[in-house]
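> Sequence:
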Amino acid sequence: TAEVLQDGWLNTGDVGHQDAKGYLYLTGRAKNIIVTEGGKNVSPEEIEDHFQLFEEIESICVCGYITDVKTKSEGIRAIVYPSETFTSAMEKAHGKEAAKAVVEKRIEAIISEVNKE
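If you're matching positions, the sequence shown starts at 297 in the numbering used here and goes up one per residue.
Where hints are given, some of them may not hold.
Stated by the list, open to error - Derived pair list, reagent style DSSO-like, types lysine-lysine, alpha-carbon separation capped at 30 Å:
| # | residue 1 | residue 2 |
| --- | --- | --- |
| 1 | K317 | K327 |
| 2 | K366 | K327 |
| 3 | K401 | K388 |
| 4 | K396 | K317 |
| 5 | K412 | K396 |
| 6 | K327 | K388 |
| 7 | K336 | K396 |
| 8 | K368 | K336 |
| 9 | K336 | K366 |
| 10 | K412 | K368 |
| 11 | K396 | K327 |
| 12 | K317 | K336 |
Calculated directly from the structure, the hints in this document are not laboratory data.
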């Protein structure tokens, strides 16, 4: 109970920010934060949210992995599943074998676009 209640406040572990208009945005969970080698704190949920804007993506799972045991630095890894609709359309347009490369190229382009944000 002491971990959850701090100074009369319920500590949920949610992470977020408030904009200039006073709107509150929940972006992730404190336990899920990835600390990169450069010391940047990254919320996997926030990255996943960016990918939801693309109809080519069915789902994505972002997680951290240890890159340096001594410093406990983490890298970021993502498993991306393209949508069935997008995959089927590419197979019809390019053939089943060629579609794989087309789908991979588009997913890589989306990842590059999200990384710019």
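> Does each hint fit the structure? Answer for all of them.
Right, here's what the structure says about each hint:
Proximity of K317 to K327 is assessed by CA-CA distance (about 28 Å); at most 30 Å being required, the pair is judged to hold. A hinted pair counts as satisfied when its Cα atoms are at most 30 Å apart, and K366 with K327 qualifies at roughly 20 Å. Simply put, K401 and K388 have alpha-carbon atoms about 17 Å apart, close enough for the 30 Å limit, and the pair holds. Proposed proximity of K396 and K317 is contradicted: the alpha carbons are some 45 Å apart, above 30 Å.
Using a Cα cut-off of 30 Å, the hinted pair K412 and K396 holds, with the two alpha carbons roughly 25 Å apart. For the hint linking K327 to K388, the alpha-carbon distance of about 43 Å lies beyond 30 Å, and the restraint is violated. Between K336 and K396 the CA atoms are separated by roughly 34 Å; this puts the pair beyond 30 Å, and the hint is violated. Only pairs whose Cα atoms come within 30 Å are accepted, and K368 paired with K336 is accepted, the gap being roughly 13 Å.
The hinted pair formed by K336 and K366 meets the criterion: a straight-line CA distance of about 17 Å does not exceed 30 Å. Note on K412 and K368: the hinted pairing holds, with a Cα-Cα distance of about 26 Å set against a maximum of 30 Å. A distance of roughly 36 Å separates the Cα atoms of K396 and K327; the hinted pair therefore is violated under the 30 Å criterion. A hinted pair counts as satisfied when its Cα atoms are at most 30 Å apart, and K317 with K336 qualifies at roughly 26 Å.
The structure shown violates the earlier hints numbered 4, 6, 7, 11.
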